[in-house]
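If you want the building blocks of each chain, they are given just below.
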Amino acid sequence: MAAPKKSVAKESGQEKAGSPPEFSKEQEFKALRDMLLIRRFEEKAGQLYGMGAIGGFCHLYIGQEAVVVGMQMALKQGDEVITGYRDHGHMLACDMEAKGVMAELTGRRGGYSRGKGGSMHMFSKEKHFYGGHGIVGAQVSLGTGLAFANHYRGNDNVSVTYFGDGAANQGQVYESFNMAELWKLPVIYVIENNRYAMGTSVSRASAQQDFSKRGASFNIPGRQVDGMDVRAVKAAADEATAWCRGGNGPMILEMQTYRYRGHSMSDPAKYRTREEVEKVRHDQDPIEQVRNRLLASGVSEQDLKAIDAEVREIVNEAADFAQHDPEPDASELYTDIYR
Amino acid sequence: MPIQVLMPALSPTMEKGNLAKWLKKEGETIKSGDVIAEIETDKATMEVEATDEGTLGKILIPEGTADVAVNTPIATILADGESAADLAKVPAAPPPKAAEAPAAEAKAEAPQPAAKAPAAPVSEARPDPEIPAGTEMVTQTIREALRDAMAEEMRRDGDVFIMGEEVAEYQGAYKVTQGLLQEFGARRVIDTPITEHGFAGVGVGAAMAGLKPIVEFMTWNFAMQAIDQIINSAAKTLYMSGGQMGCSIVFRGPNGAAARVAAQHSQDYAAWYSQIPGLKVIAPYSAADYKGLLKAAIRDPNPVIFLENEVLYGHTGEVPKLPDFIVPIGKARIARAGKDVTLVSWAMGMSYALKAADELAKEGIDAEVIDLRTIRPMDTETIINSVKKTGRAVTVEEGWQQSGVGSEVVARIMEHAFDYLDAPVTRVSGKDVPMPYAANLEKLALPSVAEVVAAAKAVSYR
Numbered sequence: 001m002a003a004p005k006k007s008v009a010k011e012s013g014q015e016k017a018g019s020p021p022e023f024s025k026e027q028e029f030k031a032l033r034d035m036l037l038i039r040r041f042e043e044k045a046g047q048l049y050g051m052g053a054i055g056g057f058c059h060l061y062i063g064q065e066a067v068v069v070g071m072q073m074a075l076k077q078g079d080e081v082i083t084g085y086r087d088h089g090h091m092l093a094c095d096m097e098a099k100g101v102m103a104e105l106t107g108r109r110g111g112y113s114r115g116k117g118g119s120m121h122m123f124s125k126e127k128h129f130y131g132g133h134g135i136v137g138a139q140v141s142l143g144t145g146l147a148f149a150n151h152y153r154g155n156d157n158v159s160v161t162y163f164g165d166g167a168a169n170q171g172q173v174y175e176s177f178n179m180a181e182l183w184k185l186p187v188i189y190v191i192e193n194n195r196y197a198m199g200t201s202v203s204r205a206s207a208q209q210d211f212s213k214r215g216a217s218f219n220i221p222g223r224q225v226d227g228m229d230v231r232a233v234k235a236a237a238d239e240a241t242a243w244c245r246g247g248n249g250p251m252i253l254e255m256q257t258y259r260y261r262g263h264s265m266s267d268p269a270k271y272r273t274r275e276e277v278e279k280v281r282h283d284q285d286p287i288e289q290v291r292n293r294l295l296a297s298g299v300s301e302q303d304l305k306a307i308d309a310e311v312r313e314i315v316n317e318a319a320d321f322a323q324h325d326p327e328p329d330a331s332e333l334y335t336d337i338y339r
Numbered sequence: 001m002p003i004q005v006l007m008p009a010l011s012p013t014m015e016k017g018n019l020a021k022w023l024k025k026e027g028e029t030i031k032s033g034d035v036i037a038e039i040e041t042d043k044a045t046m047e048v049e050a051t052d053e054g055t056l057g058k059i060l061i062p063e064g065t066a067d068v069a070v071n072t073p074i075a076t077i078l079a080d081g082e083s084a085a086d087l088a089k090v091p092a093a094p095p096p097k098a099a100e101a102p103a104a105e106a107k108a109e110a111p112q113p114a115a116k117a118p119a120a121p122v123s124e125a126r127p128d129p130e131i132p133a134g135t136e137m138v139t140q141t142i143r144e145a146l147r148d149a150m151a152e153e154m155r156r157d158g159d160v161f162i163m164g165e166e167v168a169e170y171q172g173a174y175k176v177t178q179g180l181l182q183e184f185g186a187r188r189v190i191d192t193p194i195t196e197h198g199f200a201g202v203g204v205g206a207a208m209a210g211l212k213p214i215v216e217f218m219t220w221n222f223a224m225q226a227i228d229q230i231i232n233s234a235a236k237t238l239y240m241s242g243g244q245m246g247c248s249i250v251f252r253g254p255n256g257a258a259a260r261v262a263a264q265h266s267q268d269y270a271a272w273y274s275q276i277p278g279l280k281v282i283a284p285y286s287a288a289d290y291k292g293l294l295k296a297a298i299r300d301p302n303p304v305i306f307l308e309n310e311v312l313y314g315h316t317g318e319v320p321k322l323p324d325f326i327v328p329i330g331k332a333r334i335a336r337a338g339k340d341v342t343l344v345s346w347a348m349g350m351s352y353a354l355k356a357a358d359e360l361a362k363e364g365i366d367a368e369v370i371d372l373r374t375i376r377p378m379d380t381e382t383i384i385n386s387v388k389k390t391g392r393a394v395t396v397e398e399g400w401q402q403s404g405v406g407s408e409v410v411a412r413i414m415e416h417a418f419d420y421l422d423a424p425v426t427r428v429s430g431k432d433v434p435m436p437y438a439a440n441l442e443k444l445a446l447p448s449v450a451e452v453v454a455a456a457k458a459v460s461y462r
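Protein chains in written order, with our numbering: chain A, 1 to 339; chain B, 1 to 462.
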């Protein structure tokens, strides 16, 4: 499959010409800062994993930052977010604290799940982040249920339900599509197509590789979005949130993106070439795109470095906290099973 | 010879029905396919079509007759050339059933109209401590008790809703949700597509967002499609979120063997779900417990597995007439007090245990029968106190033996009352086979009263 195209928005597979709407300088700065935070956080998590401070499975989001940051820029207070196990970026985009996320990765009491969830299972009721789910595709039915609750209560909140190109082949995804359209539930299905389901490329696993068409038999509209361009993501998210809040039911957004790292920390990534990764990094990096635009608009290197420094400080503090916070008390073993 | 029309069996568990209406009169011509009568089963009103041609000779059961047993002759049809005078030739009894295999005959408890699961009325052997003395009792079917429990809770709390296949417009595949759509409307009584995995997940998601769904599975057998959402999402989220995000949800529907529906529709899931920390598992027997425990389950802030029994739906029992009758989750009930041997059972197993206790009494063995009611958390204390008194115990369940709930009861007795035991504890259970279809084999696959009696006598060295 070809590398994701730049600045392309397709409507159900049909190309629409034109660049996404420009961001204001303020929006560019916010996007840059939020994407950088995710990138630096994930790099640090990778380091801590290498040191043995983080155990188990750890799936990094590096490369895909524009998706969650662009989506979040279109959401309002009360909208729910739910995703699979590659979830650190989503949590940071939801404004969950880096310290709490990192401390959960290290299994400490200050973690969002008090050390009992780990990388794949984190939640924040306060920030409307509903996990963090380790079973591929399960979050799609759950996210549809969040939308059901919005519909039941008659509020105008939207459930943003993320899943990958791999999960898109699970049966319950289509069971959920059917119910969501049948009942006109306010849910945006964001398919993060990073081109590999673990080690299996989209072309080896998917009969229909245009994921924006995956809702076609349920009459769910879909868009293909350049998931490396945060402006394109934001524009698509604006359209989808308006569609959902307007009572029109669900919408599918296929985000064409790419992960730079392996599937998990233990993945040697032999299923693709180093050149392929380097080419995407060089040509399409979501952070570099914003940085270059800002520089071209006359922002100084100095201003950008200040953002870099702020982000590094947050990440270093989080890493420090996560390594020094005590492990959960032994009594925690038996808490939170029932309430 | 004139043809007899028999009361048809219109569902796997139907034992009798009401003859609601005759649509043909005596002397009328009947063609094959004509609707001749309407029969009310416990689930629905069904039309009876003629399969033979001729003239309706005589109506044997007048319309409006209630509780007509399956296979009772209800009318005769005269073939061409026959007259009323030929009616005398009709044999008095229905055609004979196939002879049962000897082994099944030996264990037969009582003659039954057709090979059906045990059908005695649910007995309320002892007053329940949850019911204040002097409370007025109403006689209800278990189906009605369940419906009332849901309706009461839905009136009480606007966040409670029910979803599942055929729960709304069809009024419930087993009529358990009858009338709920009319009272609460389509917003709160929701027909789902046939999509167990998906709607279980939708229910759990709605519960994470703070609603209190009742998810009905048409049978628990179909819930295997959804078991990932029940275990991985519903049961574990509270723990994985460090207590932030739980889910108040009830999964309910018929569990275990119905009658003659064979292997894929006759399985007891009590043991499966009882293994999972984070779930509560309820399997009641009496009508009052069905109601009081379902209300408790709906109010419980945790995911609850509520295992019903299709065979029991039509059975009646006494339900207390109280404005808000709740039976606490996790408490067993001594259904019959005794001193010689403890029978520990739950759900449909109770029907064998109680009858066995009656049989044992005739032989001078005074059995105490414990109805666990809740499988998880299990009321170990009630079991242990009883065993300390009797020194002997038998578990009775329709489920399989290996890693079964009975095995768990035995382990707890061994751990907590070993020194009080006068004999090894014995398990009576469903046989270690998929449920067969043939009536005689099905009967053999299920436990029997005779097996419970034999086990109780064995542990009593009698």
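If you're looking for bench data, these hints aren't it; they were derived computationally from the structure. None of the values given here were measured: they were computed from a predicted structure. By construction, the Cβ of each residue, glycine as well, lies at the ideal position given by its N, Cα and C atoms. Misleading hints may appear alongside valid ones.
[What the hints assert, rightly or not] Pairwise CB distance ranges, derived in the manner of DEER restraints:
id, chain 1, residue 1, chain 2, residue 2, range
1, B, Arg187, A, His282, 49 to 57 Å
2, B, Ile194, A, Asp210, 24 to 32 Å
3, B, Arg156, A, Glu22, 52 to 60 Å
4, B, Glu169, A, Asn292, 56 to 64 Å
5, A, Gln208, B, Pro301, 48 to 56 Å
6, A, Lys184, B, Pro301, 49 to 57 Å
7, A, Gly18, B, Ile194, 19 to 27 Å
8, B, Pro277, A, Ser300, 33 to 41 Å
9, B, Arg156, A, Arg339, 45 to 53 Å
[Stated by the list, open to error] Computed list of lysine to aspartate or glutamate pairs in EDC-like fashion (alpha-carbon distance at most 20 Å, straight line):
id, chain 1, residue 1, chain 2, residue 2
10, B, Lys339, B, Glu165
11, A, Lys184, B, Asp366
12, A, Lys184, B, Asp191
Outcome of the hint check:
1. B/Arg187 x A/His282: 49 to 57 Å: Holds, since B/Arg187 and A/His282 (Cβ atoms, about 53 Å apart) stay within the stated range.
2. B/Ile194 x A/Asp210: 24 to 32 Å: Roughly 28 Å apart at Cβ, these two residues keep to the hinted range, so it holds.
3. B/Arg156 x A/Glu22: 52 to 60 Å: holds (54 Å)
4. B/Glu169 x A/Asn292: 56 to 64 Å: Once the Cβ atoms are compared, 59 Å apart, the range 56 to 64 Å for A/Asn292 and B/Glu169 holds.
5. A/Gln208 x B/Pro301: 48 to 56 Å: violated (42 Å)
6. A/Lys184 x B/Pro301: 49 to 57 Å: Hint violated: Cβ distance 30 Å, outside 49 to 57 Å.
7. A/Gly18 x B/Ile194: 19 to 27 Å: violated (43 Å)
8. B/Pro277 x A/Ser300: 33 to 41 Å: violated (57 Å)
9. B/Arg156 x A/Arg339: 45 to 53 Å: Because 20 Å falls outside the window, the suggested range is violated.
10. B/Lys339 x B/Glu165: At roughly 46 Å apart (the allowed maximum being 20 Å), B/Glu165 and B/Lys339 break the hint.
11. A/Lys184 x B/Asp366: violated (61 Å)
12. A/Lys184 x B/Asp191: holds (14 Å)
Of the numbered hints given earlier, the model fails hints 5, 6, 7, 8, 9, 10, 11; all others are met.
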